[in-house]
Amino acid sequence: MLKSHLKLALKVLRRRPFFTAVSLVGIGLTLLVLTVTTAVFDHVFAPYPPEVRQARTLLLSFTELSGDQVRSRSWPGYRFLDSLGRGLPGVERMSIASQASSAFSYLNGSRVRSYLKRTDGEFWRILAFDFVEGAPYGEEEVSRGSSVAVINQTTRDRFFGGGPALGRSLELDGRSYRVVGVVRDVPFLRLVPFADVWAPLTAQPGDGWRRELLGDMMGILLARSPADFPAIRAEFASRLSGMDLSGTPYKTAYARPQSLLDTVFEIMRVDRSAIGILAVLFFGFLALPVINLVNLNVSRALERASEIGVRRAFGASRRNLVAQFVLENVVLTLIGGLLAFAATELAMRVLTASALVPYGDFHVNLRIFGWALAFAVTFGVLSGAWPAWRLSRLHPVDALRGSLR
Amino acid sequence: MATAAIEHVPEERKAQAPAIHLQQVEKVYRTDRIETVALQNLNLAVGEGELLAIMGPSGCGKSTLLHLMGLLDVPSRGRLLLGGRDMTTAGDRERSRYRNAAIGFVFQSFHLIPELSVLDNVEIPLLYRRTTAGERRRLAQAALERVGLGSRLHHYPGQLSGGQQQRVAVARAIVGQPRLLLADEPTGNLDSQMGDEIMALLEGLNQDGATVVMVTHDPRLSQRAHRTVRLFDGRQVQ
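Read top to bottom, the protein sequences are chains E and Y. Using our numbering, read the first sequence as starting at 1 and increasing by one per residue. Using our numbering, read the second sequence as starting at 1 and increasing by one per residue.
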């Protein structure tokens, strides 16, 4: 039966090419927006290298300190993370790293900006960077405050013309760093690993940063398993409540180990409960084209009243008809989905080529294809169910006469 | 009122329950303002293996009666029994199953699906049974051969003449080997020669054991039936 219905579905689409084209454009555009959004989301959050252990990773990011007359909200400082984050139960490794911030150099008389991230040695053991030259620095270099650096390929090309960079030096903010490793570029939107240059936390003048409660650091906790997350959070909360804030204007502190997704929500100041609003917006966005397709479907299917009557006469139940018409609609939306997927690939290439997002390497993959497929089927079922139900309620005699009762 | 006698039914079948039995059936169509009585107080028994013609002027209720017999519509009052089984209050699913298993329809305007090949059109009743694709194909082919269209399996309805299209419709009606064949003016859109061919087909099917009920305006066709029921204004007059 499935083959017969599929065969008919494809033939029905060819019956009215204009109607089909209008439907496909509507479906394709809707699914294109959804698939592009998914692809961008995938680019930011999917566990691509170097964040291959993302499922076991928690981040300590935004911190809030409050006192009687003061309230500060910022990234945490080294002291805060060092005193509260070390030795949490269930944590296999912990790293403290700064945000990527601008650092400047002079190349052939031009001022060049690079993003510099300062890290400890554990950073390289939690994140799986792809080294094309050399190796990362370790705890030894960090404890000695060595002026060494790992750079990305683009920085190598920029400073050394694409030739080998190992052992060569580059100057950032007036300080010289010896290159010990070169890694593949990491996209700008990858919050945790992104930088052009990575250098030891200690390779900077002074040690005032060690005493800061608030600063520009981030704690990266690699748990043994996601099952350890609750215990990690509970212990952290306990330590936080007992934190010694004497000598500061603060009385209470707030921070929470959380996933990358929650961290990004926090950066964007979006509450997790806003996901519900996003879901409503998502379905709202789907609603208009669904309604449009429903109307097209009803008018198309009413042309087939005679067929409905015949099928009913020869034993099709209402359920059979609903299944047939929903299937036909899903075929239509799957074709729209395939068009949208191809258009998404094109849009991703344009986005990558535009360099709008530094080091952005937007592309489609099997996971996005799976989502596109899911969107298409959902869209097909949503827009096909009501017309199918309505047609299945046509009185067989009226259907044979080609009229509605 | 006594039901009509069944004289032309073979002796061995007379003992069986009638193929169709209508008892004091009434059909009324209602809209907000108008109430139209299509059939009233109709009592009729159609024997197993009978070839019955229903005649009468336009609007007298012939098609309505056929639709009731085919479980495409429900009576407003009275009882309807098919093969001794009371189907008056059967639900949609039961009626659909019964139609699929026991009833075949031939319509005046053929009602073939233009996008489907002749073979695919004939397979339609079998889609709603547990039949494998191979078996469906085999049965559909056999039905088309029976109506003389074995060489037109992969043609589309638009490529056939009216007579050939009606033969396809007959093949579709018989592919599921129904006990009851209902034909609504099966020759109404055909010239007399093609009409004769279709009538010969229906007679052949009846001789093979199917009960055939046929609505017609054509007295020549009704003469070939075992019995003719005449309707006027929703009543049986003969």
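Read the hints as simulated data drawn from the structure, not as lab findings. Misleading hints may appear alongside valid ones.
EDC-like, lysine to aspartate or glutamate: derived pairs with alpha carbons at most 20 angstroms apart [to be verified]:
1. E:251 <-> E:133
2. E:7 <-> Y:208
3. E:251 <-> E:212
4. E:251 <-> E:130
5. E:7 <-> E:303
6. E:3 <-> Y:135
Not everything, but these chain E residues come out facing chain Y in the computed CB check (under 8 angstroms) [unchecked claim]:
7. 8
8. 15
9. 16
10. 305
11. 307
12. 310
13. 311
14. 316
15. 400
Think of the CB as a built atom: it goes at the ideal place given N, C-alpha and C, for glycine as much as any other residue.
Inset, instruction - Could you check the structure against the hints above and give me the numbers of any it violates, in ascending order? - result: Result: hints 1, 2, 4, 9, 10 break, sorted rising.
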